[in-house]
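Reading the sequence shown from the start, the letters are residues 1 to 342 in UniProt numbering.
A couple of the hints might just be wrong.
Said to hold, decoys possible - Below, computed lysine-lysine pairings styled on BS3-like, alpha-carbon distance capped at 30 angstroms:
#1 K119 <-> K43
#2 K139 <-> K119
#3 K82 <-> K113
#4 K34 <-> K167
#5 K43 <-> K25
#6 K113 <-> K167
#7 K119 <-> K167
#8 K167 <-> K82
#9 K82 <-> K130
#10 K8 <-> K213
Keep in mind that the hints were calculated from the coordinates and are not lab data.
All values derive from a computational prediction rather than experimental measurement.
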Amino acid sequence: MRFQYDRKLTREEVAVHIFLSGASKRASILSRLKETASKYDVKLAVNAMPFQSLALEGVVHSLAIVILDEPYREAHNSLIDKYLGVFDQVSVVFAFSNTAEMLLARPAIEILKALHNDKVNFLRPDRQFKCEQWVSDEKIIENSICDSIRIKFSPRNVGGLVHLTPKEKSFFRRASELYSERHLYHRSASDGYFLMRRDSGFLITATKTYKDKLVLDRITWVHAYDRASNTIFYTGEFLPSSDSVEVAILLAADKRIGAIIHTHASDRWTRNPSFSHLNVIAELPYGEPELGDCIAENVCRQSSDGFLIMREHGEIFWARGELADERLLHLLDIESEQRTYA
1 MRFQYDRKLT
11 REEVAVHIFL
21 SGASKRASIL
31 SRLKETASKY
41 DVKLAVNAMP
51 FQSLALEGVV
61 HSLAIVILDE
71 PYREAHNSLI
81 DKYLGVFDQV
91 SVVFAFSNTA
101 EMLLARPAIE
111 ILKALHNDKV
121 NFLRPDRQFK
131 CEQWVSDEKI
141 IENSICDSIR
151 IKFSPRNVGG
161 LVHLTPKEKS
171 FFRRASELYS
181 ERHLYHRSAS
191 DGYFLMRRDS
201 GFLITATKTY
211 KDKLVLDRIT
221 WVHAYDRASN
231 TIFYTGEFLP
241 SSDSVEVAIL
251 LAADKRIGAI
261 IHTHASDRWT
271 RNPSFSHLNV
281 IAELPYGEPE
291 LGDCIAENVC
301 RQSSDGFLIM
311 REHGEIFWAR
321 GELADERLLH
331 LLDIESEQRT
341 YA
């Protein structure tokens, strides 16, 4: 059974293995990966290719990041199967000589994603020079955390259970319906979050929660965030969303915001040139206060409900006031129904 993130993994329980192909010219990334692993207390290993058998005794969750830096080929399928025979999660990095080559590979990649039930993450290229497209070092480094321990904050469970009111249940259920019906994600249905303010804190979906078929037991109640110690205080059976730090900062900056939905519909909005004017939130590492500051600065400039795009990190929709939950669901319904792909 896959780890459910009901607690934070320890250094001895998680293993991240980097596999760098001979075709890759990313030797400089290794020192940055090691620095990040040390910062978040993750055990990191660098392995040679071709793949050799490994012993992962005592490890609860393992991640292989396979940096190929070449176009997808059908021959890669057996390679991926080999890694999945050992690791819980596999991230694969391709590179393409042009957009047409990348789009040609997409149907096969989508089939593989469905076949392996979200255990394989194909990192989508986020950098381009002339025609060439590749995955940035920054995205690979972030993936070493988001597909392993996931959270960057220190969690402190204050105990108790989360009991939702009928109004709260209605909000989360309807958000799940829209998320599923409109397919408001690209990589995985576990991406993004749903949030509703409660008292001085907020209710939010737990990290690695599948939102297309949302189970309400995976709603956590965040009571407070202490920036000095980077600690999230919460109630619930599972760890809060890995984005809890950013939204805690946003909600502290704008007391009127009552509900937020974060989607990853990259084809529909983030990578759609028609919405480049909304792509205003700087590309910053997820789960860190600096991103929260940037989101708050941009959202607080907006006097009404709305949405903005976080570069390479999806979309954030918000609504204010007593009926924020109802207005937000209406906003998402309208926007996701009317907007067309590029």
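Results of checking the hints against the structure:
no.	hint	in the structure
1	K119 <-> K43	holds (20 angstroms)
2	K139 <-> K119	holds (18 angstroms)
3	K82 <-> K113	holds (15 angstroms)
4	K34 <-> K167	violated (45 angstroms)
5	K43 <-> K25	holds (23 angstroms)
6	K113 <-> K167	violated (35 angstroms)
7	K119 <-> K167	violated (34 angstroms)
8	K167 <-> K82	violated (47 angstroms)
9	K82 <-> K130	violated (34 angstroms)
10	K8 <-> K213	holds (24 angstroms)
Hints 4, 6, 7, 8 and 9 from the earlier list are contradicted by this structure; the remaining hints agree with it.
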